[in-house]
Amino acid sequence: MSNLGSSPVNHSNQNHRDPSIEKGPCSNNGSEQTVTCSTQQLNSLKNARKLSQELVRWMRRQTESQEQSSQSVQTLKLDLGGVDRLSSVGVNELIEINRKARKMGVKLILTEVGEAVQEVFAVTRLERMFHVVNTSPS
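In terms of the UniProt record's numbering, the sequence shown has 48 at position 48, counting the first letter as 1, and numbering is strictly consecutive.
It is worth saying that the hints were derived from the structure and are not from the lab. All C-beta atoms in this analysis are idealised placements derived from N, C-alpha and C, irrespective of residue type, glycine included. Keep in mind that a hint or two might mislead.
Unchecked claim - Simulated crosslink set (SDA-like; lysine to any residue; CA at most 20 Å straight-line): (1) LYS107 - VAL56; (2) LYS103 - HIS131; (3) LYS100 - GLU127; (4) LYS107 - LEU45; (5) LYS103 - GLN40.
What the hints assert, rightly or not - Pairwise CB distance ranges, derived in the manner of DEER restraints: (6) THR63 - ALA116: 29 to 39 Å; (7) LEU45 - ASP84: 13 to 23 Å; (8) HIS131 - GLU64: 15 to 25 Å; (9) ALA122 - GLU64: 31 to 41 Å; (10) GLU115 - SER88: 31 to 41 Å; (11) VAL89 - VAL132: 30 to 40 Å; (12) GLU64 - GLU119: 36 to 46 Å.
Construct the entire structure; sequences and hints are all you get.
What follows is the structure in structure tokens.
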């Protein structure tokens with residue numbers, strides 16, 4: 001898992017390295033990458049934009065490497081277990097990340113979504129937009 005305050009991904013299996021997003025550990029299982037998010041990362045405009053930019057930059061590299069190699073991360077899981085509330089800033093950034101992921105052919109999955117965040121998705125009718133998978137009870 002990667003805490004994106006430090007880094008969304010670790011590119012240990014690639015020749016191109018971006019030091020700004022290679023600082024923390026992550027979970028990379030073949031064709032999927034898991035990134036852990038916090039409330040502060042999603043609800044602060046500055047932090048949410050940084051998170052979004054880093055993820056988009058990472059997805060772009062994955063798309064480019066997919067064209068050159070058969071081994072590419074095609075699924076991005078955002079672990080929201082550390083997110084206890086979601087502001088409009090967070091909602092907007094998740095929508096934008098999802099839109100860009102789809103455009104690049106990367107499947108975005110939200111995991112460990114807590115009850116408060118699920119309620120925001122239900123009230124805003126965004127539960128249909130996101131693929132949500134929870135492995136533990138909320």
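Status of the hints after comparison with the structure:
1. As the CA atoms of LYS107 and VAL56 are separated by approximately 13 Å, the hinted pair is consistent with the 20 Å bound.
2. A threshold of 20 Å between alpha carbons decides the hint, and for LYS103 with HIS131 the separation of about 16 Å falls inside it, so the pair holds.
3. Proximity of LYS100 to GLU127 is assessed by CA-CA distance (about 18 Å); at most 20 Å being required, the pair is judged to hold.
4. For the proposed pair LYS107 and LEU45, the alpha carbon gap of about 24 Å is over 20 Å, so the pair is violated.
5. A hinted pair counts as satisfied when its Cα atoms are at most 20 Å apart, and LYS103 with GLN40 does not qualify at roughly 27 Å.
6. At about 33 Å, the CB distance of THR63 to ALA116 agrees with the hint of 29 to 39 Å.
7. The hint said 13 to 23 Å for the Cβ distance between LEU45 and ASP84, and at roughly 18 Å that hint holds.
8. One distance hint, 15 to 25 Å for the beta-carbon pair HIS131 and GLU64, holds here, with the actual separation near 24 Å.
9. At roughly 37 Å, the beta carbons of ALA122 and GLU64 sit within the given window of 31 to 41 Å.
10. The hint said 31 to 41 Å for the Cβ distance between GLU115 and SER88, and at roughly 19 Å that hint is violated.
11. In this structure the supplied range 30 to 40 Å is violated for VAL89 paired with VAL132, their Cβ-Cβ distance being about 20 Å.
12. The hint said 36 to 46 Å for the Cβ distance between GLU64 and GLU119, and at roughly 38 Å that hint holds.
When the structure is compared with the earlier hints, violations turn up for hints 4, 5, 10 and 11 and for no others.
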